[in-house]
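Asker: Here is what each chain is made of, one letter per residue.
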Amino acid sequence: MERGWWWKAALYGLVTVLAVLYLVPTVVPEEKQPRFIKNFFQKKIQLGLDLQGGLHLVYNVNVGKAVSDKVDRLSSDVEDRLRKDRGVTDVNVVRADKPEESHYDIILTFKNPADQAKVDDALLKEYRKSLDLISRDPAKGEVRLRLDPDQIDEVRDYALRQGIETIRNRVDKLGVAEPTIIKKGTDIIVELPGLKPADFERIKNIIGRTAQLEFKIVDDGPTEYMKKVAGAVPKRDAKAALGPTDIDVGTEAWNEEDNNKQHEDVYLRSKSREALQKFFAGLTGELAIPPDHEIGYEEMGGRGENGEQTPDKYWRTYYLHKRAALTGEYLTNADQTWDQSTGRPEVAYEFDHQGAAISERLTGDNIGRKMAVILDDRIKTAPVIKSRIGSRGRITLGSYGDPFALQEEAKEIVAVLRSGALPAPLTKSFETQVGPTMGKDSIEKAKLAMGIGAAAVIIFMLLYYRVSGLIAILAMLLNMLYMMAILAGFEASLTLPGIAGLVLTVGMAVDANIIIYERIREELRLGKSVRTAVDAGFQRAFWTVFDAHVTNFVAGVVLYSYGSGPIRGFAVTLLVGIITNLFTSYWVSHWMFDAVVGRRGAAKPTLSI
Amino acid sequence: MATQNQDQKFFEVIKPHSNYEFIGRTKYWIGLSIVLTILSAVMIFLNAYVIKSRGHFLNWGVDFRGGSEILVEFAHDVDVQKIREALAESGFHDADVVKYGDPAKWNYLVRVGAVSVLSEKQTKAIRESMAKVGDASLRRLDWTEGGDKLYLRYDKPLEPSVIQNSLKALGVSANQVQGFGRADDNTYEVTLVGLDTEIRRHLETKLGAGAVAAIPKVDSVGAKAGNQLKVDGAKSLIYAILLIMVYIAFRFDLRYGPGTVVALLHDAVITIGAFAITYKEFSLTTVAAVLTIIGFSMNDTVVVFDRIRENAARYRDRRFDRVVNQSINETLSRTILTSATVFFVTLAMNIWGVGVIRDFAFAMNVGVIVGTYSSIFIASPILIWLNEKFTANQRKQQRQSRRPQREDDDPEGL
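Chain order of the listed sequences is A and B.
So the first sequence is numbered by my numbering: it starts at 13 and just counts up by one.
So the second sequence is numbered by my numbering: it starts at 457 and just counts up by one.
So here's chain A without its partners, still in its complex pose (with noise of 0.2 Å):
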């Protein structure tokens, strides 16, 4: 052999060899995997969901609806601005949108002409961000004011994200194996494997709703629920560790700043949520939860004293008044801050000219207790009101140590009110559901078909092509092999369509080698020796193979960038399968030619293909 030889043996041994690593963790199961595939080599083939069954849903978040409403928001914002600080008493608000040319307007006409006058600079200088000012007629009295355009961009992306991220944190929430959730477009496609069909209706119900931000009160009240549901509540001793769906009752006390009045809140914890709610559901007569009242629960306990994290969390209750009287939409922006006099990060917020009057009836009602700030049936925090709170606000933070810990906490609730300022509804654009019996079936039926049509090649180039014919099976195998092992390292998930690919693959893999060995067949005709022969059919070939395996690349990339779900699981393995089908069955199986014709000059004088 010669030297070159060795040297792709090493190499192509070498590839083969990581192959194989890569390919361990998806074959061999983990406790029997060897340690350094569990340090190196953890990434692993998944089944796709038509064939381990599951949930794909793609929602659309209905971003025109979000910036309609941010406009409805606006009109009628200005509306009471005009009423209230500007005395106009008759003006007529109309909105006209063409969503199309990306035009949301606000036309104002004013019964007495005049009154056009008082949408003046400082009133369109407090919006300048949001609105621009298009015409205005003084005769008619009317006057046309534009959402500016990127407040547009922002509130779409604003929406997008935020319903992206409801959707995360509602999966996390459902604990599902390995959820995917991608955005395409306006589109939120999520993949839930593993699931069973008798949960498919729950889960969509849980991420299809609309994510909502309320403000409700807590009532510490004289009517003291609570402290008859804490009477109710199974004794249990107070030392014992709190097991799995034990109850607790807590209390906790705080003064009123200004008059140092006392409030005490009681409240019942436990690990589990729905402990807690099943013992509420349980009450009746005088202990059933009064119909303009509810329960609301916090996970507490992340954090110890020092604001490090402890490992045990639990949930704990508020008796809350029922209805919300303010609810995200009214607020305009919401940051961290710091607090001038302490330094310590807070959070500051802005509601919009309806919100700030409510707030400031709602906070001013109820100064010295605590309002929950609720986003999707959770609560988020609960800080107690310290005074009475208009167009401005800010939550401080609790009183441990750590100034990172509480920014980390800062900054949680930041991205709670402001995704709760903005909720665009989800619209459910596909289903496909799945169940695991399907998916087994069809696994069966799909290693049938590949078995018979991977049979039927074998045979065939065996019988038509001989030795030559098991150089081209040896290189197919190989191909596949590599094939997997990339797919493993991209983490990629394997579907049906994905199978038909693989068999495809497969065509186009014999494809080469029947292209190279008609080559080599007709080289050989013409008389020369089998060494000539083999390289200059494997060199006169080259090009032809490699136009076919572009061509078929093209559509493939065409096939990727258009398809979803399925459709994509195809096209990667066809992608791949084309990259490799080149390297195996040109470069390996022409190196397995050189050893078999053998060295030049001492080549056999004739060639079984």
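Quick caveat, the hints were computed from the structure, so don't treat them as lab data.
None of the values given here were measured: they were computed from a predicted structure.
All the given hints hold, so there is nothing to weed out.
Quick list of the computed label-pair ranges, beta carbon to beta carbon:
#1 Pro-303/A with Arg-609/B: 19 to 25 Å
#2 Arg-15/A with Ile-792/B: 38 to 44 Å
#3 Val-687/B with Pro-46/A: 50 to 56 Å
#4 Tyr-735/B with Leu-486/A: 41 to 47 Å
#5 Tyr-735/B with Pro-46/A: 52 to 58 Å
#6 Leu-486/A with Thr-493/B: 40 to 46 Å
#7 Tyr-735/B with Ala-467/A: 29 to 35 Å
#8 Glu-306/A with Arg-609/B: 18 to 24 Å
#9 Leu-842/B with Leu-460/A: 42 to 48 Å
Computed footprint of chain B on chain A; a stretch qualifies when at least three of its residues, placed anywhere within it, have a C-beta under 8 Å from a C-beta of chain B:
#10 332–339
#11 472–478
#12 530–541
For every residue, glycine included, the Cβ atom is placed at its ideal position computed from N, Cα and C.
Given the structure of chain A, go ahead and fit chain B onto it with the hints provided.
Answerer: Then chain B, alone, in the frame of chain A:
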């Protein structure tokens, strides 16, 4: 050839130096292709306008048509007619029920045009019956066709559970009702129950509890999304063809481009035509198959063209159409072998495969035959024709350019 090594033996399907006449009979082949193409186009229109039982250009899969496809596994044998009646009584008049898969199981594929449990008629009922709930009156009802959500706006606040119960009385099942937007908007978001859950409920009430053993698969696509997919699908075919044309023009020369493109279009049309004639379901997977066919057909054409280019350079003295015919003959055994293997592999997938794989394989079966045929009988004749035009043009230009050259010698030239 005399020099061949006597010990060297091959297993051959096509003997070397075969000289079948392909080019000489071009007009018959092109005629056949035109007939097939027209037949495909006619069939597509017949499906839509003449054959009443079909009614669409193609038997669009649920992904293009929009709607829902629900696979229902019954616990015992149920008459198809009974299922249809049960569904019609429940308001799904357009339900299409077919037996699916394993004959030993009682699996039926139920297709309905709806995506949502709510119909236009029901929203009207809601508008009328729920115009007044308590002392609150309905101001606005937002529902887009096929939406899984409904928005109701009242002039006074309402208890979500009250809304849920009122809807239930109208036969609309909701998973949840919650407040939406500003508190003083009094808008409520109603999340409707999934269609599969609703269909299962109806079937069980009509055919007896426990009649439905399982719902192994559900596919649903909003009508808007379906149309978008059709557009995207058509675009992707055009992009693929354009990109391939660019590549060919770059690798070969301009003469080779149009032939390949016409061949590709021919393959795409006839494959789609096969779906029109058999009225097999045309889905996303079929588009994937057509794209793959384009790739494969291209592959075939490239192999033949590569040889033509090589031979054209070698045999400059021969007539171009003879070179083409010889090249097709030389590559014939490769063409037949490759096509046959791919055909048999996909045939195996067609016979033993399931669902998506099966549809895919059917398209491939048709496409492989048409693709092989088109590279020989369509792409090559067009190449010859363009070559004649091109060389004729060149000669003309040469004649013309010779004359001005003489004039160039003339100092009088400006």
